[in-house]
Amino acid sequence: MRGFFYITSFSLLLWFIPRAPFAACPAPQAQSDSASAAIWQSPARLRHLITKTSGILEINDRGVEFHPNKGSPLHWSYTEIQSFRLTVNRLDLETYQNRGWHLSGDREFHFGLTNPVPPAVADAFAHRVQKPVENGRPDPGAPNLASLPARHRTIGGGTNGMLHFRNGGIDYLTAGGRDGRSWRWSDIETIANPDPYHFRVRGYRETYEFELKEPMSRKLFDRLWDAVYDRDLKGLAYTERRRQ
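The numbers in the numbering used here rise by one with no breaks, and the one at position 45 of the sequence shown is 45.
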């Protein structure tokens, strides 16, 4: 009888304890969703050999995610992205995954974009990946030290635009964004200026040869040279110190 009295009293005590504090605690899933909030997203199409898969492509603080309209989502962390190639309406991701069917090389994922990636997001994306990339979304509003009108000849004709030389690298801007590029100093292997009216940017991923419509001064080229090779000299000095 006494045991029944204790159980009944304890049950009544639990009944009168306020429940609001427990209801206010956020679910772990909600915290996870907040932590991976999208920096940018757009409707996109993942291109296959013959077909395409429609969905939403998202760049967030964890990497790149693709949520197809049907099927399981795909995710690549920044460390698993080997490089990328970005244009106005396309993003090609190069990963460290093996290609299927015992094919040689690394697997690539090709996305057609409905909305272009903003230049600020593209720049942040490149810095998060860290490795050399092909960023075709230069920022026209970024401050520059000097600029020159230029032409980039291609097999299909070429483009006309402006070369902007910044503290952080070199940009090539064109009307409509086609053929534009943004190189960080870490994307550039070497530069050349064989004469005042020609300029070459040789990146680790691609090479652009420009015809300059105005001459490049020796002072400007020397400044660019120092920016490219000072990085390598600092890296060499750091390596030598570690060996000692």
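It is worth saying that the hints were derived from the structure and are not from the lab.
Misleading hints may appear alongside valid ones.
Said to hold, decoys possible - When the alpha-carbon atoms are kept at most 25 Å apart in a straight line, the in silico SDA-like pairs for lysine to any residue are as follows:
| no. | residue 1 | residue 2 |
| --- | --- | --- |
| 1 | Lys219 | His110 |
| 2 | Lys70 | Gly55 |
| 3 | Lys131 | Glu209 |
| 4 | Lys131 | Arg90 |
| 5 | Lys52 | Thr154 |
| 6 | Lys213 | Thr154 |
| 7 | Lys213 | Pro149 |
| 8 | Lys131 | Ser83 |
| 9 | Lys131 | Val228 |
| 10 | Lys213 | Gly156 |
| 11 | Lys131 | Pro149 |
| 12 | Lys131 | Lys219 |
| 13 | Lys219 | Leu145 |
| 14 | Lys213 | Gly157 |
| 15 | Lys131 | Tyr96 |
| 16 | Lys219 | Asn193 |
| 17 | Lys213 | Asp230 |
| 18 | Lys219 | Gly176 |
| 19 | Lys70 | Ala120 |
| 20 | Lys219 | Arg178 |
| 21 | Lys131 | Lys213 |
| 22 | Lys70 | His110 |
| 23 | Lys131 | Gly156 |
| 24 | Lys131 | Val121 |
| 25 | Lys131 | Phe165 |
Said to hold, decoys possible - Estimated spans, in silico, between C-beta atoms of each pair:
| no. | residue 1 | residue 2 | range |
| --- | --- | --- | --- |
| 26 | Asp230 | Pro73 | 15 to 25 Å |
| 27 | Lys52 | Asp222 | 29 to 39 Å |
| 28 | Pro143 | Glu214 | 16 to 26 Å |
| 29 | Pro68 | Ser217 | 49 to 59 Å |
| 30 | Asn69 | Pro194 | 26 to 36 Å |
| 31 | Ala146 | Pro68 | 42 to 52 Å |
| 32 | Ser72 | Pro215 | 33 to 43 Å |
| 33 | Lys70 | Ile155 | 21 to 31 Å |
| 34 | Ala146 | Ala124 | 22 to 32 Å |
| 35 | Lys213 | Gln97 | 23 to 33 Å |
| 36 | Arg202 | Val88 | 36 to 46 Å |
| 37 | Tyr96 | Asn144 | 33 to 43 Å |
The beta carbon of each residue, even a glycine, is placed where N, CA and C say it ideally should be.
Cross-check of the supplied hints:
1. Lys219 to His110: With Cα atoms ~41 Å apart, Lys219 and His110 exceed 25 Å; violated.
2. Lys70 to Gly55: OK: Lys70 and Gly55 at ~8 Å, within 25 Å.
3. Lys131 to Glu209: 22 Å, holds
4. Lys131 to Arg90: Holds, because 19 Å separates the two Cα atoms, which is no more than 25 Å.
5. Lys52 to Thr154: 29 Å, violated
6. Lys213 to Thr154: This hinted pair holds, its Cα atoms lying about 17 Å apart.
7. Lys213 to Pro149: 6 Å, holds
8. Lys131 to Ser83: 6 Å, holds
9. Lys131 to Val228: OK: Lys131 and Val228 at ~16 Å, within 25 Å.
10. Lys213 to Gly156: With Cα atoms ~20 Å apart, Lys213 and Gly156 stay inside 25 Å; holds.
11. Lys131 to Pro149: 29 Å, violated
12. Lys131 to Lys219: Judged against 25 Å, a Cα distance of about 29 Å means the pair is violated.
13. Lys219 to Leu145: Roughly 12 Å separates the two Cα atoms, so the pair holds.
14. Lys213 to Gly157: 17 Å, holds
15. Lys131 to Tyr96: 13 Å, holds
16. Lys219 to Asn193: 12 Å, holds
17. Lys213 to Asp230: Violated - the C-alpha atoms of Asp230 and Lys213 are around 28 Å apart, more than 25 Å.
18. Lys219 to Gly176: 31 Å, violated
19. Lys70 to Ala120: It is violated: about 31 Å lies between the C-alpha atoms, which goes past 25 Å.
20. Lys219 to Arg178: 30 Å, violated
21. Lys131 to Lys213: This hinted pair is violated, its Cα atoms lying about 32 Å apart.
22. Lys70 to His110: Roughly 18 Å between the alpha carbons, so the hint for Lys70 and His110 holds.
23. Lys131 to Gly156: 29 Å, violated
24. Lys131 to Val121: Roughly 16 Å between the alpha carbons, so the hint for Lys131 and Val121 holds.
25. Lys131 to Phe165: 21 Å, holds
26. Asp230 to Pro73: 15 to 25 Å: With Cβ atoms ~43 Å apart, the hint is violated.
27. Lys52 to Asp222: 29 to 39 Å: At roughly 49 Å between Cβ atoms, Asp222 and Lys52 fall outside 29 to 39 Å, so the hint is violated.
28. Pro143 to Glu214: 16 to 26 Å: Since the Cβ atoms of Pro143 and Glu214 sit about 20 Å apart, the hinted range of 16 to 26 Å holds.
29. Pro68 to Ser217: 49 to 59 Å: Taking Cβ atoms as reference, Pro68 and Ser217 lie about 52 Å apart, which means the hint holds.
30. Asn69 to Pro194: 26 to 36 Å: Roughly 52 Å apart at Cβ, these two residues miss the hinted range, so it is violated.
31. Ala146 to Pro68: 42 to 52 Å: 45 Å, holds
32. Ser72 to Pro215: 33 to 43 Å: Since the Cβ atoms of Ser72 and Pro215 sit about 56 Å apart, the hinted range of 33 to 43 Å is violated.
33. Lys70 to Ile155: 21 to 31 Å: 38 Å, violated
34. Ala146 to Ala124: 22 to 32 Å: The hint (22 to 32 Å, Cβ to Cβ) holds, given that Ala146 and Ala124 are roughly 25 Å apart.
35. Lys213 to Gln97: 23 to 33 Å: 44 Å, violated
36. Arg202 to Val88: 36 to 46 Å: 24 Å, violated
37. Tyr96 to Asn144: 33 to 43 Å: 35 Å, holds
Taken one by one, the earlier hints fail for this structure at numbers 1, 5, 11, 12, 17, 18, 19, 20, 21, 23, 26, 27, 30, 32, 33, 35 and 36, listed in ascending order.
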